Amino acid sequence: AAGVIQSPRHLIKEKRETATLKCYPIPRHDTVYWYQQGPGQDPQFLISFYEKMQSDKGSIPDRFSAQQFSDYHSELNMSSLELGDSALYFCASSLSPNTGELFFGEGSRLTVL
Amino acid sequence: QKEVEQDPGPLSVPEGAIVSLNCTYSNSAFQYFMWYRQYSRKGPELLMYTYSSGNKEDGRFTAQVDKSSKYISLFIRDSQPSDSATYLCAPPSDSNYQLIWGAGTKLIIKP
Numbered sequence: 252a253a254g255v256i257q258s259p260r261h262l263i264k265e266k267r268e269t270a271t272l273k274c275y276p277i278p279r280h281d282t283v284y285w286y287q288q289g290p291g292q293d294p295q296f297l298i299s300f301y302e303k304m305q306s307d308k309g310s311i312p313d314r315f316s317a318q319q320f321s322d323y324h325s326e327l328n329m330s331s332l333e334l335g336d337s338a339l340y341f342c343a344s345s346l347s348p349n350t351g352e353l354f355f356g357e358g359s360r361l362t363v364l
Numbered sequence: 003q004k005e006v007e008q009d010p011g012p013l014s015v016p017e018g019a020i021v022s023l024n025c026t027y028s029n030s031a032f033q034y035f036m037w038y039r040q041y042s043r044k045g046p047e048l049l050m051y052t053y054s055s056g057n058k059e060d061g062r063f064t065a066q067v068d069k070s071s072k073y074i075s076l077f078i079r080d081s082q083p084s085d086s087a088t089y090l091c092a093p094p095s096d097s098n099y100q101l102i103w104g105a106g107t108k109l110i111i112k113p
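Chains as they are written, first to last, in the working numbering: chain A, 252 to 364; chain B, 3 to 113.
These aren't lab readings, by the way, just hints derived from the structure by calculation.
Only a predicted model underlies this, so the values are computations on that prediction, with no experimental measurement involved.
All residues carry an ideal CB built from backbone N, CA and C; glycine is no exception.
Each hint should be verified, as a subset may be incorrect.
To be verified - Where chain A lies over chain B, by a calculated footprint (3+ residues, C-beta under 8 Å): (1) 37-47; (2) 60-71; (3) 97-110.
Unchecked claim - Simulated restraints on C-beta separations: (4) A:Arg267 x B:Asp80: 46 to 56 Å; (5) A:Lys308 x B:Ser55: 26 to 36 Å; (6) B:Ser75 x A:Gly291: 14 to 24 Å; (7) A:Asn328 x B:Ser71: 37 to 47 Å; (8) B:Asn98 x A:Phe320: 39 to 49 Å; (9) B:Gln82 x A:Asn328: 38 to 48 Å; (10) A:Asp322 x B:Lys4: 30 to 40 Å; (11) A:Asn328 x B:Arg43: 36 to 46 Å; (12) A:Ser321 x B:Asn98: 16 to 26 Å; (13) A:Asp281 x B:Arg43: 23 to 33 Å; (14) B:Pro113 x A:Ser321: 32 to 42 Å.
Please build the complete structure, drawing on both the sequences and the hints.
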């Protein structure tokens, strides 16, 4: 069965650089979520999209932005990277926004040096 | 105080033991409860969920909800080394359905 695909899997950037993460949801899933997870921490919700519109916003820094495209894939853009941005970034998708049944990707590990 | 509390562990038990993982919550408006399992460096995966008080069984796993005491449990029978992971309880918010994550309990099954 198709799963959520994230790219790149690993990314190393310098401070103040920019990074872009991509997420391809499961086919027919119209809701995409972005989470940030630091070591030993629970996932922190960043932002979600439903039918290409932002549906909810969590603890996403102003330096970050995201969008969902017409093919339902989503991109998370991170600028002016800081050391504290080093984390695992997960994308998840669901059949609808009114469910807790999320399907997560393998994650993108960002390291900021 | 977090809305969802879990003992982070680690909880270490021998193979074959019955495991009890617990979670407490403060918001009585939560309607249903999800259990996610997360292996190291992997994304969380939904293990099971339950809507109401009582038990729900799925193979070796049983989820139990006691809404009167705001207490959630996940039992694993005949535990296997492959069950070693972090288990997170995550009820969806009653207002916007965003998952409210517990800190997760790290489980180690020793062969």
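Item to complete: Go check the stretch 60-71 of chain B versus chain A for me, would you? Three or more residues, Cβ under 8 Å, otherwise it fails.
Response: violated (count 0)
Discussion item. A range of 16 to 26 Å was offered for this pair. Does it hold for the Cβ distance of A:Ser321 and B:Asn98?
Written reply: The hinted range 16 to 26 Å holds for A:Ser321 and B:Asn98, with Cβ atoms some 25 Å apart.
Worksheet item: Do the beta carbons of A:Arg267 and B:Asp80 sit within 46 to 56 Å of each other?
Response: Holds - the Cβ-Cβ distance for A:Arg267 and B:Asp80, about 52 Å, lies within 46 to 56 Å.
Discussion item. For the hint 32 to 42 Å, verify it against the beta carbon of B:Pro113 and that of A:Ser321.
Written reply: violated, 50 Å
Worksheet item: Taking the beta carbons of A:Asn328 and B:Ser71, is their distance inside 37 to 47 Å?
Response: Between A:Asn328 and B:Ser71, where Cβ atoms are some 44 Å apart, the hint holds.
Discussion item. Holds or violated: the 38 to 48 Å window for the beta-carbon distance between B:Gln82 and A:Asn328?
Written reply: Distance hint for B:Gln82, A:Asn328 holds at roughly 41 Å.
Discussion item. Verify this for me: three or more residues of the stretch 37-47 of chain B with a beta carbon less than 8 Å from a beta carbon of chain A.
Written reply: Our answer is that it holds, as 5 residues pass the Cβ test (under 8 Å) against chain A, meeting three.
Discussion item. Verify the CB-CB distance for B:Ser75 and A:Gly291 against the hinted window 14 to 24 Å.
Written reply: holds, 23 Å
Item to complete: Using the Cβ atoms, figure out if A:Asn328 sits within 36 to 46 Å of B:Arg43.
Response: violated, 24 Å
Worksheet entry | Within 8 Å of chain A (C-beta), three or more residues of the stretch 97-110 of chain B | holds (count 8)
Worksheet item: So does A:Lys308 sit 26 to 36 Å from B:Ser55, Cβ to Cβ?
Response: At 33 Å between Cβs, range holds.
Fill in: CB-CB spacing for B:Arg43 and A:Asp281 relative to the 23 to 33 Å hint
Given a distance of about 28 Å, which is inside 23 to 33 Å, the answer is holds.
Checked against the numbered hints above, the structure violates hints 2, 8, 11 and 14; every other hint is satisfied.
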